[in-house]
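2 protein chains.
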Amino acid sequence: MCEANAYLRKQGEEDELFLEMVDHVLPHEDGLMLEDIFGKRKMIKAKIVELALVDHKIILERA
Amino acid sequence: MCEANAYLRKQGEEDELFLEMVDHVLPHEDGLMLEDIFGKRKMIKAKIVELALVDHKIILERA
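Protein chains in written order, with the UniProt record's numbering: chain A, 1 to 63; chain B, 1 to 63.
Hints listed in this document are in silico derivations from the structure and should not be mistaken for laboratory results. Every value quoted in this text rests on a predicted model; they were computed, and no experiment measured them.
Which copy? The list can't say, so a pair holds if one copy fits it or any two copies do.
Below, computed lysine-lysine pairings styled on DSSO-like, alpha-carbon distance capped at 27 Å:
hint: 1; residue 1: K57; residue 2: K47
hint: 2; residue 1: K40; residue 2: K57
hint: 3; residue 1: K57; residue 2: K45
Excised from the complex, chain A in its bound form (with noise of 0.2 Å):
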């Protein structure tokens, strides 16, 4: 399964985990909604800074 793990971007520390095996991703009207492989949704204010799929790796900000 090629899910990725959504991870937000914070200046100055580590990136933190805030969704696991995410398989979709949609922007919504006020930010980003993820859903994980098993239908479990996120919904953040936040904007795609960086994808690395063959690291399985989302990266947010806060927008």
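Given the structure of chain A, go ahead and fit chain B onto it with the hints provided.
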């Protein structure tokens, strides 16, 4: 390998393949920089409108 293919979405048309086997996506001052698993890079004035990672798809729309 968990790379994905990047497609360009156009209204009323089928998604058009833009770059295969994408590993990295990074925002750029004027759009996105996509890099495939071989290190080949393509720039595009576009935004991410959907990720479907289990299906290996990145969907873009011109900004």
